[in-house]
Amino acid sequence: MQPAIAIHGLSKTYASGLTALRDVNLEIRRGEIFALLGPNGAGKTTLISIICGIVTPSEGRVLADGHDIIADYRAARAGIGLVPQELSTDAFENVWDTVTFSRGLFGKPADPAYIEKLLRELSLWDKRDSRIMALSGGMKRRVMIAKALSHEPRILFLDEPTAGVDVELRRGMWDMMRRLRDSGVTIVLTTHYIEEAQEMADRIGVIRRGEIILVEEKNALMAKLGKRQLTLTLNAPLARIPQMLQDYRLELSEDGGRLVYTYDNREHGGDIARLLQRLGEVGIEFKDLSSSESSLEDIFVSLVHSPS
Amino acid sequence: MNLYGIRAIYLFEMARMRRTLMQSVASPVLSTALYFVVFGSAIGSHMVSIDGVSYGAFIVPGMIMLALLTQSISNASFGIYMPRFTGTIYEIHSAPISYVEIVLGYVGAAATKSILLGAIMLATARLCVPFQIEHPLWMVAFLVLTAVTFSLFGFIIGIWADGFEKLQIVPLMIVTPLTFLGGSFYSIDMLPPFWRTLSLFNPVVYLISGFRWSFYGVADVGLPLSLGMTALFLVLCMAGVRWIFRTGYRLKS
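Sequence lines, in order, name chains A and B.
Residue 1 is where the first sequence starts when you use the UniProt record's numbering, and the numbers rise one by one after that.
Residue 1 is where the second sequence starts when you use the UniProt record's numbering, and the numbers rise one by one after that.
In isolation and in its complexed conformation, chain A is listed as follows:
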């Protein structure tokens, strides 16, 4: 199936000499939620801005829904919606007019019924006649989303969509994203909230200093790079780890009361069974055990700080 977005050899060097993107190659599948993660200044917003037509690429080619974003920009842009990072709105316009304006700008005839449905879904219907300057930050963010969805795009870019949004509203936005994904919309998400990517994304891309360093299914990434830990709270403290347990990656807490076993997600649970059996053999008894796994945040931090 043709990808929603296909990026080939994309580079961007600004007039200032800053190289924001270096030979980016990426395909975003139709109907997925793709989270693009990266530290500040990594090139996330530049990449989105090029695809949406806001920034001119230095080199490379981008196809959106099969249309070249430069040669066939009308068809490419008609299917794209963008929620930018900044809350850029016309303060004196009211909600209804600004959303209607966006639909017209993208070449669609007026459809009051659709705009009403959209505003209701985003809990903005009661505010339709309010000036944007009178809205709270969260509501303005929703107005930006309504504008981006006003022309019924097939691809939606969300650049830090939940920045400065309270937890309840964030969860509401996540629900909306899932509904959009289920209706066939491809979503590209950049976020600083790794929890958001972990919660929402089907695939994860990590960008660092203008280069895509990793693209992976979220679950596969978690399994491949994630770590699990089993913590045993012992009945009696140990002075040191017995020789018979040296084959296992075990750490003893300073007080000797807890034994921590670290293993890869790829390793099977059989090791744990053998470890517990071995503990019994050497006479170590425990009164409690708990397990934990590394978060996407831990994986992200280790990736962006790795030397290569």
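Among these hints, one or two may not hold up.
Label pairs and their calculated CB-CB ranges [to be verified]:
(1) A/166 - B/180: 49 to 59 Å
(2) B/243 - A/58: 46 to 56 Å
(3) A/110 - B/250: 24 to 34 Å
(4) A/123 - B/239: 46 to 56 Å
(5) B/245 - A/59: 16 to 26 Å
(6) A/40 - B/200: 52 to 62 Å
(7) B/30 - A/176: 48 to 58 Å
(8) B/166 - A/133: 23 to 33 Å
(9) A/58 - B/238: 24 to 34 Å
(10) B/180 - A/192: 37 to 47 Å
(11) B/194 - A/133: 53 to 63 Å
(12) B/250 - A/58: 17 to 27 Å
(13) B/180 - A/125: 47 to 57 Å
(14) A/110 - B/49: 52 to 62 Å
Straight-line C-alpha distance at most 30 Å; calculated DSS-like pairs for lysine-lysine [said to hold, decoys possible]:
(15) A/127 - A/117
(16) B/252 - A/108
(17) A/140 - A/127
(18) A/140 - A/108
(19) B/166 - B/252
(20) A/227 - B/166
In short, the hints are calculated from the structure, not lab data.
The beta carbon of each residue, even a glycine, is placed where N, CA and C say it ideally should be.
Put chain B on the given structure of chain A with help from the hints.
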């Protein structure tokens, strides 16, 4: 062609005019009406006629042209500068709309506002000063041509400006003096030869002269020259706008 896109920009800009009626319409109409009252009715009645036209009537085309030029520039420059200032320009850049369509929307709305304003001023002037229009079609043609040309010029200024001060510099520091010195209040034939020759380098002379000819059939320079100079400025502005969009000057990085 993205007709819905052009319409959206056009209606958005016209809505801005409705929201700011006092600033967009009432203020320029009032200031121009004061000129008509002071120079037309009060002082004008004590002054000799120029080229057979009473002084009060003589200044009407120049006053309308002054308002038309400044308002066209102001409307168009503000129209494109505000989205740049607030950041909402991202939406224009990311929309499936060509630069010609963007210009049609913004410049069309700015020119419409100026033409409406010119019509209101014409009606206001008629209340203060008696005058005639000998060539009404030419009058409308000059009105539209000037409004479009200077709206394009304003559009360029709105893209060039990187602050509100720059937005005001050209209309206040360049266009207004050129209009005052371009024969709004006098015929350049009344000037000494040196100053008359110097005045011919002022492009506004040709606009006012042609516009005044459409009212009274008298002009400082010939009609073809007036039309030619106005058309030349229009072409220069169109070339400027084309260059801006081709290079992305101050619009795209």
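Hint-by-hint comparison with the structure:
With their beta carbons about 57 Å apart, residue 166 of chain A and residue 180 of chain B fall inside the hinted range of 49 to 59 Å. For the pair residue 243 of chain B and residue 58 of chain A, the beta carbons lie near 21 Å from each other, so the given range of 46 to 56 Å is not met. Checking the proposed 24 to 34 Å range against residue 110 of chain A and residue 250 of chain B shows it holds: the Cβ atoms sit about 32 Å from each other. Checked against the given bound of 46 to 56 Å, the beta carbons of residue 123 of chain A and residue 239 of chain B, roughly 49 Å apart, stay inside it.
Against the hinted window of 16 to 26 Å, the Cβ-Cβ separation of residue 245 of chain B and residue 59 of chain A comes to about 21 Å, which satisfies the hint. A beta carbon spacing of about 58 Å between residue 40 of chain A and residue 200 of chain B agrees with the range 52 to 62 Å that was offered as a hint. For the pair residue 30 of chain B and residue 176 of chain A, the supplied restraint of 48 to 58 Å holds, since their beta-carbon distance comes to about 50 Å. At roughly 25 Å, the beta carbons of residue 166 of chain B and residue 133 of chain A sit within the given window of 23 to 33 Å.
As the Cβ distance of residue 58 of chain A to residue 238 of chain B is approximately 29 Å, the hint placing it in 24 to 34 Å holds. For residue 180 of chain B and residue 192 of chain A, the Cβ-Cβ distance of about 56 Å falls outside the hinted range of 37 to 47 Å, so the restraint is violated. For residue 194 of chain B paired with residue 133 of chain A, a C-beta distance near 55 Å keeps the hint of 53 to 63 Å intact. The hinted range of 17 to 27 Å is satisfied by residue 250 of chain B and residue 58 of chain A, whose Cβ atoms lie roughly 19 Å apart.
Separation of residue 180 of chain B from residue 125 of chain A is about 53 Å and conforms to the stated range, judged on CB atoms against 47 to 57 Å. Look at residue 110 of chain A against residue 49 of chain B: about 55 Å separates their beta carbons, and that is inside 52 to 62 Å. A C-alpha spacing of about 13 Å is found between residue 127 of chain A and residue 117 of chain A, which places the hinted pair at or below 30 Å, so the restraint holds. For the hint pairing residue 252 of chain B with residue 108 of chain A, the CA-to-CA distance comes to about 25 Å; that is within 30 Å, so the pair holds.
Of the pairs offered as hints, the one joining residue 140 of chain A and residue 127 of chain A holds, with about 11 Å between alpha carbons and a cut-off of 30 Å not exceeded. Restraint check for residue 140 of chain A and residue 108 of chain A: satisfied, since their Cα atoms lie roughly 23 Å apart, inside the 30 Å limit. For the given pair, residue 166 of chain B sits about 20 Å from residue 252 of chain B by alpha-carbon distance, which is consistent with the 30 Å threshold. A distance of roughly 58 Å separates the Cα atoms of residue 227 of chain A and residue 166 of chain B; the hinted pair therefore is violated under the 30 Å criterion.
In terms of the numbered hints stated before, the structure departs from hints 2, 10 and 20, listed from lowest to highest.
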